[in-house]
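Trainee: First to last, the protein sequences are chains Y and L. Numbering of the first sequence is given in the numbering used here, commencing with residue 1 and proceeding in unit increments. Numbering of the second sequence is given in the numbering used here, commencing with residue 1001 and proceeding in unit increments.
Don't read these hints as lab results, they were simulated from the structure. Be aware that one or more of the hints could be misleading.
As the list claims (entries may be wrong) - Capping the alpha-carbon separation at 30 Å, the derived lysine-lysine pairs in BS3-like fashion look like this:
(1) L:LYS1141 / Y:LYS14
(2) L:LYS1019 / Y:LYS14
(3) Y:LYS22 / Y:LYS248
(4) L:LYS1042 / L:LYS1023
(5) Y:LYS89 / L:LYS1019
(6) L:LYS1042 / L:LYS1019
(7) L:LYS1141 / Y:LYS22
(8) L:LYS1131 / Y:LYS22
(9) Y:LYS89 / L:LYS1141
(10) Y:LYS248 / L:LYS1042
(11) L:LYS1230 / L:LYS1023
(12) L:LYS1023 / Y:LYS174
(13) L:LYS1042 / L:LYS1230
Remember, predicted model here, so these are calculated numbers, not experimental data.
One-letter residues, chain by chain:
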Amino acid sequence: MWRQTINSSVALAKRSISIQIKQHALGYAWALITPMLYAACYIFIKGQLNGGAAHSADSGWDILRAFAGVTIFQWWMHIVQEMSDFIRKNRGLLRGINVGPIPFVLSVLFEGLIGLLIRVVLILIAIPLLGLSFPTQPFSWLSIIISLMALLISAVTIGTILAPWAVLYADVRKGLSSVSLPVILISPIFYPAFEQTSGPLFWLNCINPLAAPLAILAKSLHDLESVYMLPLIISTVVFTLILSWSLKQLHRQVPILLERMG
Amino acid sequence: MTVLLEVNDLWKKYSRDLKSSVKYAARDILRGAVSGGQNDHKDLRDSEFWAIRGMNFSLRRGEVLGVLGHNGAGKSTLLKCIAGKLAADRGSVIRNGELGYLLEMSAGFSPTMTGRDNVTVRGRLMGMNGKALAAYIDEVKDFSELDTFFDSPVQFYSSGMKSRLGFAASSVIRPDILIIDEVLAVGDLSFRLRCYERVNELARNAAVIFVSHSIGQVARLCNRAIFLEKGKVLYEGGVQNAISLYQDKLGDQNERKRGHTLHPELISFSLMANGCQLVPGQSLPYGANLSLDIDISKLPENAVIRPLLRDGSQGVLADWNSVRSNLSWPAGRTRLKADLGSAELAPGAYSISIEVMSPDGVEHISLSESTPFRIGGSYLNAVAIQKTATWQFPE
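Isolated chain L, as found in the complex (with noise of 0.2 Å):
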């Protein structure tokens, strides 16, 4: 299949501090009309550094490659890059078809123009006119669900609203190559269902290049993956293994980072998986038995104990607060068990830290630092909790 997109050895850098950033444009601004357009400043000035270094790859028609990689990695840098929209400073982008994207989708709406003139605009600077015009902007309106609203000024939307406008004006086209960068948490769910829908209808007919924090979007999307970090990609290949190498380097940051803690040298603990201590960061399959060993010498009696498994971005995924098993002390007890059930999460980083209160569950006495461990195996969707129901077929 022919390739449609080629990105060959691309470099691109930015500028650490405004002023050096602005005193840089200016000199590349008037280089260029001296030297009719020549970039003689490949390398890099003071305060210079590089947000993309050497990428190379190329798309064919029916493949989506999905773009993994922490904040700063270059994602959206490379996207604009390949849409134009910034210039390289070495290397080159070859597109061989048109392109379309889904980048700030909502940018460019005139507040006090209604949803209908603002897409009647965006249709016209698309190339559309008379019947084509009017079917866009038909079709627009039907996607974006917006009724009567979409006759009313974009000042008087919500932010959902807007989203919805956005996309639906933007992805109403028919690319070759097609760019979308982090685009799909827009409106409620099945609004997202549709868009998911819209994108596998578009990706079918064109190459597509997809940027997304969400594993759940890229593994259900793309049947390539690149991970960047720093500007570099260091893996190229299959999805999940690319998922595998954002949730370990996920995990890796996760474990530098052991969280806010409060009174740490209150309470200590030990996490158990399947009987045996945990180290640190250690790998688990799915469904592994996780209990705690818990030192509670210096703890007031009757303290409220709350275990809490957090996510790689710290969300709290779940607590096991030892007033829902209306747990009283004896007294002279120094250690404190706790079985949490198997780990029936989906493949990623995880920790899990202790917050004490008062036995009145008022005040904050203890949050311990928290111990950071991974769980293994093939990852099925964006979900973290995935439990193992037992199913039967009645007879």
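Chain Y on its own, in the form it takes in the complex (with noise of 0.2 Å):
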């Protein structure tokens, strides 16, 4: 049972990738090129706003931050947008084939996997051009596994809580692109996280779900822990609850959704 499902949720992610890549004159190099222009633009205007200051260690620090947060920013609000949309993306499949919804929630899963091993490559390789050093602990590794993985549960989870009102409501794509900016904003991108236990900016991290992971892996980047890890897996537990209680929703809420679809 969970074999075949497995298989059909390869075959389904392959068919996505496939479909992604012949759309696309340039495929996978969005990855790179949305990234590459923030953080080309983040150079000059903070080289601007230093008067023209070289560059130092700690300025190869603040553009890594830059380009890691929306090389990982752009990937996780992608797996959002494609987990909420996947009821109606494949209704064709879901109506003509006896084929329940968790093959498509779990391509998706492996669709971001890969997307995620893409942009570490990606992060990996932008680490010694910009003449920083990897980190040397072993936790600080695992933290960043752990954040990565975090917020590959909380996409997949906002997405499939997503899933169904996107079929009733267009609203829900609009509100996804709306929010985009101010996500961008409010999470520790083009600034560091605020690291204190206390305040709004705390609180406010904590219910942001790219913040802490985000803070997370830049601390553990230079080899430094963040106040966020308690809450990071507070939530990512929670997330994984609310994520099994949402498949498991799914298998009736599939059928009023395609009903509602006509």
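Join the two chains into one complex using the hints; note that each chain is given alone, in its own frame.
Mentor: Okay, structure coming up:
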């Protein structure tokens, strides 16, 4: 049963990747182009604000944080959008073939893992290119992996919760594109995270599913610990529970939604 | 034999307008999340209606159940409920075996992917791998007869090619319960015949539910039938009786709709069957002699008279154009008689109307109201005009 589900999910993930590659002349290069543009603008503006000061190690870390932050934000948002849209996009297959919704959810998850690997490779390449060094502590690498997995789980969960509503209301898609910029602004991408366990900024970062993982990522690259590790673990457990509940709900929701889609 | 499918007191409702449909769906989803999947709203809400009402039947292996009914009768809704694609509001569907269905067969094909890639994905979704998957792909390729197009993107296929690929990809299955919805009008005649053969083959070892507007297909494939009207089963039993009921209802509809007219006051006529005036809706035996007694007093001299024979769906089956008979009008005549020959027609609902054109055949002068009638007897096949030949065995 599970083997069949996994096989179906892999087939759907391959199908989705193949369609995306065929529809874009630049394919996965877009995973690099957008963050490069952001990073270039960031370097230029920061350089101008500093009166054209020479490149330092600190500014290297700032550039890496901006590049990695935008790269990961773009990937996270893509997963949320793909997941929230999976019923509408796959309604033909859901209607025409004897297959439930779970393989479609897992296929987005697999696609997300592949996308994440590509972005991690890009970030790892950027570190020596910016003249920076890799973290040396095993705990730092573990923290990086935990924060990336937490990001994947939060994106899949939010997308799964939104999926039925995205079928019923086009506002969901509009809403997701509208919140992109505010989320970038409230996430520690172009500035370092607030590292104190009190105050509204701390709680805002705890609520923002991107903030805590990005803060941990930035600190771990410096071989430092972040105050956001505990909130991240708690929120990831909560997201995982919500995800398993949402997946159970999908079996009942999909027939209702297929009916409304006509 | 084992009962493979049981439909017990099935009810399904729909909403009439989009706004309330979305509102109710949102409420149902929220309620389901809170109550753990229980549907609390089993009664009609504002703007809702029952698309299926209290349906009951069961099906055993080897039985092919035809589902007949006019548009909106609930046929496709019933199939979707059985397939689990729609959630029933009341009642239950018990499936004792693997389910296969030929519904929306081309749905889900990605246009940018080749036929082969689409079929591969479908095969994997149906649980195939390795040699089984390779055999499935080869079988679909052979059956669809797409040749080199099989490796071209589906967006370059004609609609017929897409349907062929869809039928082939969906029908290469061995289910216990098979659901077929209006899918045999695919491709050219030879491909359609192969589709019938494939469905017959599948039906031998499965319980089949077959929905079609084509009476010929139902008569050919089914050994039981139900007739639905407004979501209710009006009849369950033999195929011939279900077809007769369907034809009767079609005839009723036909009699209510007298068709389009143009200056109908200019022409009137009586339809005679075997020399007696026909009462609208009267049932005639196969081969009854039809003739018309037409009042031409209000028509211009030498107008072209064209009686039209239509089937239940208002399609023109035959006409008797006066030009073909080189008809010329003697002066001062007010009536015209036309012998139309024998009604060698399949059982069903028909109508006759008269179209009048100017003597040069260019201008439409009048189109009369139609006179409906029915042909009775048992159903042989889907062809409306069924001539009788003179058969001989030469010495």
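Trainee: When you check the alpha-carbon spacing of L:LYS1019 and Y:LYS14, does it fall within 30 Å?
Mentor: Status violated; Cα separation ~37 Å.
Trainee: Straight-line Cα separation of L:LYS1131 and Y:LYS22 no greater than 30 Å?
Mentor: Distance ~28 Å between L:LYS1131 and Y:LYS22 Cα, so the pair holds.
Trainee: Going straight from one Cα to the other, do Y:LYS248 and L:LYS1042 come out at no more than 30 Å?
Mentor: Holds, at roughly 22 Å.
Trainee: Does L:LYS1019 sit within 30 Å of Y:LYS89, going by the straight-line distance between their CA atoms?
Mentor: 22 Å, holds
Trainee: Sort out whether Y:LYS248 lies within 30 Å of Y:LYS22, counting only the CA atoms.
Mentor: 33 Å, violated
Trainee: Between L:LYS1141 and Y:LYS22, is the straight-line Cα distance small enough, at 30 Å or below?
Mentor: Status holds; Cα separation ~23 Å.
Trainee: Starting from L:LYS1230, check that the Cα of L:LYS1023 is at most 30 Å away, please.
Mentor: Given pair L:LYS1230, L:LYS1023 holds - Cα atoms ~25 Å apart, limit 30 Å.
Trainee: Does Y:LYS174 lie within 30 Å of L:LYS1023 when you go C-alpha to C-alpha?
Mentor: Given that 30 Å is the threshold and the Cα spacing comes to 19 Å, the pair holds.
Trainee: For the pair supplied as a hint, Y:LYS89 and L:LYS1141, is the alpha-carbon distance within the 30 Å limit?
Mentor: Between Y:LYS89 and L:LYS1141 the Cα gap is close to 26 Å, so the pair holds against 30 Å.
Trainee: Holds or violated: L:LYS1141 with Y:LYS14, Cα cutoff 30 Å?
Mentor: 21 Å, holds
Trainee: Hint check: L:LYS1042 vs L:LYS1023, CA-CA at most 30 Å. Holds or violated?
Mentor: 16 Å, holds
Trainee: Hey, L:LYS1042 versus L:LYS1019, does the alpha-carbon distance stay inside 30 Å?
Mentor: Holds: L:LYS1042 and L:LYS1019 sit about 20 Å apart, inside 30 Å.
Checked against the numbered hints given earlier, the structure breaks hints 2 and 3 and satisfies all the rest.
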